Amino acid sequence: MDLDALTGCLTTSACLVTQTTSGLIIGMLLFLVAVGLTLIFGVLKVVNFSHGAFYMFGAYFAMTAYQFTGSFALAMLAGAIGTAIIGLVFERGFMSRVYGHDVLMQLLVCYAFVLIFDDVVRMIWGPEFKSMGMPTAFQVAPLFIAGGVVPPYYLLLIGVALAAALILGLGLARTRIGKVIRAAAHNPGMVSALGINTGLIYGGVFALGGGLAGLAGALAAPVRSLTPGMGFSVLIESFIVTVIGGMGSILGALVGALLIGLIRSFGSLGFPLFTEGLMYLFMVIVLVSRPSGLFGKEVA
Amino acid sequence: MSEVRAEQGTALDVSRSEPKSTRYRDALIALAAFIILALLPALTSSKFLLDFVIRCAAYGLFATSLNLLVGYTGLTSFGHGMFFGLGAYGFGLTMQKTGVPVPVAFVATLLITLVVAAVIGAICVRLKEIYFAFVTLAFQMLIHSTILSWVSFTGGDQGLRGGIPRPPFLGIDLSNHLHLYIFSCALLVIGLLLMRQIAQSPFGYTLRMIRDNATRASFVGIDVYRAKLTIFVLAALFASVGGMIMALFVSGAYPEFAYWTISGEGIFINMLGGVTTFLGPMVGTVILLILNDTVTRVTEYHGIVLGIVILFFAIGLRKGLMDFVFEWVAQRRDAARERAP
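Same order as they appear, the protein sequences are chains V and G.
Per the numbering used here, the very first residue in the first sequence carries number 1; after that it's consecutive.
Per the numbering used here, the very first residue in the second sequence carries number 1001; after that it's consecutive.
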């Protein structure tokens, strides 16, 4: 425990800015993964235990696309669209067969794919750590905000994630497709009786969730190292985020992700050995006091 | 799963009508199994086979205890492996740091597991299905990351090295391979017998009722929370014994023992063998270990092979092997009953 470092940081603006931005980017990446998880759960009532693999695929796709085209925008698109396609195939081909079965079956199918996906990545890209490197467009001098160092890429990352949150939130609340998705989450039988292809909706939601995780992976690729199995810790953290925020709530995912991000970045100063523990402790407190999460409606 | 559970109802009637005889029968089967296992070293000198049985004992106890949760209570724990790891580390650390006799360390590890399981269980068992699965998994990751980051105490990612001291006690010398083998077999048989007693006891039937209809169970006056917590802790204790066997076998403890893949394998073993019979997980353990050993010898990508096998069972068959045997026996019995009016 090093409380002096923590209080020292909280009182200097430079350190405060640096830690807050690093907390924000952890939080934003987590949000993109967690919002897909929560969306899939909200509509399909399954927890995609292989969601971390989509994050991993997004990162690898982005790295490869960047190596071939040299365009960062294309790399991000490749990460998001590539994983969305995998998500669609995965849902239609496999997950849709275990709806309505008990949790054991769903977990097993996902578990099988975690093993398969990790090995596929190992086969194609090799088992060693990879690094995409910072795109040339962002290899510029960092900004100084109130004395704190902020790389411009961090701002882009936060901006993209916020835009995704906004589009998703508005899209679900205001558009016709959003309305259909919400209806399907509520009563799929009724929706399909009205002549809407619920299978397509399910596949689409899964693809959207997978694509968001892939986008997170693509955004993370320049700042994190790539390795098979990199998605698993992200999966656990984003699950903690959804538990804190409340399953099925997009706002909850955003708030939960930011809280976890800040806990991680400031916790690593004050409690270097117990950073992960802090996260779990926070989850336990929320679970005990509000079992349905901060923004959840149903009781878990 | 509903049709399988319906059939379990018929099995329930049968075992209820003759509880005494099944109890003696279980003890006799356990004794016979132990004698056969104990005679095995006299028949074969293959160290590989004996090692295989020891590993089966470790994983078998772990998987069968998981079945108490998954199959009997309907609690799909995805973090049960944490107690396996806790057993291995608890035992290894107690032996390394304090040098107490083996039985004392054994009991101490069980006590540690009891406390940890009671705390984690108290938080987890009030949660529903998927929440329960993931929060147990989250706790597993907490324990794993604690082991990794607390290098001065646990050795971090290197694991507990330098071997676990195994001083002889009561004429049993666990550094002797044969003694270790017999000791593991004894623990396996006793553990299985105890778990069988739990499963066949009135408490075991309470658990089945909670699995099938928790609301009804609480209406007839059962404290569902308490029953779930009790079985969570009991299952953790047996998993911990499995971990201790593993620690004794490899004379160390490694972070992999507490990693989530152990829990995943446990779930898969239960699926493979089937959760409707008591010995299903044991059968699953033997199959998975053989499968693991063969596949790792053939290819380095054993995740793909294992994943396809899991998909085949989960989507293709939707049942474990012992479920098929169980159904076949039940069909035969029904047919025989029809023929003899």
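Worth double-checking, as some hints may not be accurate.
Mimicking BS3-like on lysine-lysine, the simulated pairs with C-alpha atoms at most 27 Å apart in a straight line are [as the list claims (entries may be wrong)]:
| no. | chain 1 | residue 1 | chain 2 | residue 2 |
| --- | --- | --- | --- | --- |
| 1 | G | Lys1128 | G | Lys1319 |
| 2 | G | Lys1097 | V | Lys45 |
| 3 | G | Lys1128 | V | Lys45 |
| 4 | V | Lys45 | V | Lys179 |
Covered stretches of chain V (in silico footprint by chain G; criterion: 3 or more residues with CB under 8 Å from a CB of chain G, positions within the stretch not fixed) [claimed, not checked]:
| no. | segment |
| --- | --- |
| 5 | 64 to 74 |
| 6 | 169 to 179 |
| 7 | 195 to 207 |
| 8 | 253 to 267 |
| 9 | 271 to 278 |
Derived from the structure by calculation, the hints contain no laboratory data.
Remember, it's a predicted structure, so these values are computed and weren't measured experimentally.
Backbone N, C-alpha and C fix where the C-beta goes; we use that ideal spot for every residue, glycine too.
Identify every previously stated hint that the structure contradicts and give their numbers, smallest first.
-> 2, 5, 6, 7, 8
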